[in-house]
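Asks: Chains A and B are the protein sequences, given in the same order. The working numbering applies: residue 89 is where the first sequence begins, and numbers increase by one. The working numbering applies: residue 28 is where the second sequence begins, and numbers increase by one.
Cut-off 25 Å, straight-line C-alpha distance, at most; resulting in silico cross-link-like pairs (SDA-like, lysine to any residue):
#	chain 1	residue 1	chain 2	residue 2
1	A	K141	B	E248
2	B	K110	B	E195
3	A	K141	B	G339
4	A	K141	B	E258
5	B	K110	B	L128
6	A	K141	B	A241
7	A	K141	B	F259
8	A	K141	A	H152
9	A	K141	A	R159
10	A	K141	A	L113
11	A	K141	B	L335
12	A	K141	B	L252
13	A	K141	B	M341
14	A	K141	B	H244
15	B	K110	B	I134
16	A	K141	A	P103
17	A	K141	B	R340
18	A	K141	A	Q299
19	A	K141	A	M89
20	A	K141	B	R336
21	A	K141	A	Y305
22	A	K141	B	V337
23	B	K110	B	E135
24	B	K110	B	E130
25	A	K141	B	E245
26	A	K141	A	E104
27	A	K141	B	L338
28	A	K141	A	V154
Residues from chain A shown here face chain B by an in silico Cβ test under 8 Å; the list is partial:
#	residue
29	A139
30	P163
31	R166
32	V171
33	R177
34	L179
35	P191
36	V194
Derived by calculation from the structure, the hints in this document are not laboratory data. Treat the numbers as computed from the prediction; the structure is a model and nothing was measured. Glycine included, C-beta positions come from ideal geometry on N, C-alpha and C.
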Amino acid sequence: MVRFENVGMRYGMGPEILRDVSFHLEPGSLHFLTGPSGAGKTSLLKLMFLAHKPSRGLISMFGHDVATTSRADLPGLRRRIGVVFQEFRLLEHLTTYENVALPLKVTGRNEAEYRDDVEELLTWVGLGDRMQARPSTLSGGEQQRAAIARAVVGRPALLLADEPTGNVDPEMGQRLLRLFIELNRLGTSVLIATHDRALVDASRAPELIIQNGELTYRD
Amino acid sequence: MTDADTSDKASPRPASNWISLIVGRTPRSGIMPPADVTGATLVLVVAAMSYLACLAFGAMVTVTRSANDWTAQLEGSLTIQVKPHAEIATEDQISAALAVLDEVEGIERASALSEADIRALLDPWLGETTESEDLPLPSLIDVELSSDANVDMSRLAERLAAAAPGIELDTHRQWLGELLSAARSAVWLSIGILSLITLTTVAIVVFATRASLAANHESVEVLHLVGAPDEFVANEVQRHFLQLGLRGGASGLAAAVLTFLAITWLGSEGGAFLLPVPGLMLSDYPWLLLVPAIVALTTTLAARMTVLRVLGRMI
Ligand SMILES: Nc1ncnc2c1ncn2[C@@H]1O[C@H](COP(=O)(O)OP(=O)(O)O)[C@@H](O)[C@H]1O
Ligand SMILES: [Mg+2]
Numbered sequence: 089m090v091r092f093e094n095v096g097m098r099y100g101m102g103p104e105i106l107r108d109v110s111f112h113l114e115p116g117s118l119h120f121l122t123g124p125s126g127a128g129k130t131s132l133l134k135l136m137f138l139a140h141k142p143s144r145g146l147i148s149m150f151g152h153d154v155a156t157t158s159r160a161d162l163p164g165l166r167r168r169i170g171v172v173f174q175e176f177r178l179l180e181h182l183t184t185y186e187n188v189a190l191p192l193k194v195t196g197r198n199e200a201e202y203r204d205d206v207e208e209l210l211t212w213v214g215l216g217d218r219m220q221a222r223p224s225t226l227s228g229g230e231q232q233r234a235a236i237a238r239a240v241v242g243r244p245a246l247l248l249a250d251e252p253t254g255n256v257d258p259e260m261g262q263r264l265l266r267l268f269i270e271l272n273r274l275g276t277s278v279l280i281a282t283h284d285r286a287l288v289d290a291s292r293a294p295e296l297i298i299q300n301g302e303l304t305y306r307d
Numbered sequence: 028m029t030d031a032d033t034s035d036k037a038s039p040r041p042a043s044n045w046i047s048l049i050v051g052r053t054p055r056s057g058i059m060p061p062a063d064v065t066g067a068t069l070v071l072v073v074a075a076m077s078y079l080a081c082l083a084f085g086a087m088v089t090v091t092r093s094a095n096d097w098t099a100q101l102e103g104s105l106t107i108q109v110k111p112h113a114e115i116a117t118e119d120q121i122s123a124a125l126a127v128l129d130e131v132e133g134i135e136r137a138s139a140l141s142e143a144d145i146r147a148l149l150d151p152w153l154g155e156t157t158e159s160e161d162l163p164l165p166s167l168i169d170v171e172l173s174s175d176a177n178v179d180m181s182r183l184a185e186r187l188a189a190a191a192p193g194i195e196l197d198t199h200r201q202w203l204g205e206l207l208s209a210a211r212s213a214v215w216l217s218i219g220i221l222s223l224i225t226l227t228t229v230a231i232v233v234f235a236t237r238a239s240l241a242a243n244h245e246s247v248e249v250l251h252l253v254g255a256p257d258e259f260v261a262n263e264v265q266r267h268f269l270q271l272g273l274r275g276g277a278s279g280l281a282a283a284v285l286t287f288l289a290i291t292w293l294g295s296e297g298g299a300f301l302l303p304v305p306g307l308m309l310s311d312y313p314w315l316l317l318v319p320a321i322v323a324l325t326t327t328l329a330a331r332m333t334v335l336r337v338l339g340r341m342i
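Please work from the sequences and hints to get the whole structure.
Replies: Quick look at the structure:
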């Protein structure tokens, strides 16, 4: 489902952040992506959610070589990928409800079809009474959960979560982890970037470790 | 959770009908914030463009109609003046002229006007001329041309002059011809002005669209990352510009209608202009609605093309 072969990445003319990265994610798998801060976890995710192009190597998402994928096909690929951004990236002029419903709205679907699903999901992540609030009025943990809700609302085949427990207390962290595991059980491949050891140790899932720009695999 | 509002059912979105577009009630769930697109300055600029477009359009309609009237006059008939002459009786002058006209091809009918007809024609210029019965009046021969006539006017004028002294082919034809070509230039000028207004409006919209995309860069990027196609973003942005075009266009139209009414009123007061200003007829006003419609179409399409072009260059 996701295949990287000898991928290198750099920002502009800067140094290579990632070198010779090769790995393969099976459908239905759950992995952690770990490594010290600044190691390149977010950068690797950017390659996967098609926000950045590799400077070399081959990336294949759902069997599509991203280098040869036309611009018109990108939205279709991106809809199969749910992303929890490290800095959330909720849109300030929209309510929490509208933010979470966004991935469904951009498919052109009628709001009546998905309103109940979105409200149910928001209630499930504990934002049932914050639906009409603007993101800036939410606490860090609430924003985190809104970001997660937006990432999973479209039932993506692949969920990429960048430090999804960075702003919540350990208890909520465990609860969110259970959400990811539940989604994984329903068939979604999940990749969680984190430097939270407790989270990794709690689940015994395999680990992709980035260190000095190189990636190693630990079962 | 401190939020007291527990009636958390999202309220149904107000229908985004065309009225809300004009009065500016942006649909609540616009994905892109308006970001100055519908700001007062931009609306004012578009209103000014629409106003100028309405004026140019109105001028074009007026001039075109006058020119058509003149052309009909020009093509249908001509007039021959028979001035009183010492050596020859008026009746003889007239019959000489009629004899010449009889030989010319393309003349449907030629008849001398009675003295009463001539007085009726001159009254507006000379006033009620009852007491100047003895004023020597020229006689006139009214000539009606057949619709496909192709009469050589200068040749005809020569022949008439040779037929008898004091006969003149009225040269208003030439004067009308000049007026007509001036009218045609005026129409081309109006078309040029309308094109310029359109180009300027497009340029303004392209500029504003780019500014709006730059200001909403984060929104656009997030929209892409959650799987929105470029068309979705374009639809969101162009909706603001449709609103801009409708509001600006409607304001410009309103101002232009007031202007035309004022001109018509001043014209009917008399004395404001040397030539009577036909102004716009009641039946012309609906055509002016084209202007805001075209303005709205222009702003919408220009915004859409700009969005698609700018986004096409992103990854
Ligand atoms: N937009 C960017 N432009 C230039 N350098 C960047 C950019 N984003 C991240 N970097 C650099 O890339 C390296 C990896 O960053 P990142 O992928 O965010 O690491 P992590 O998510 O593991 O903390 C860091 O050295 C960071 O400074
Ligand atoms: Mg990071």
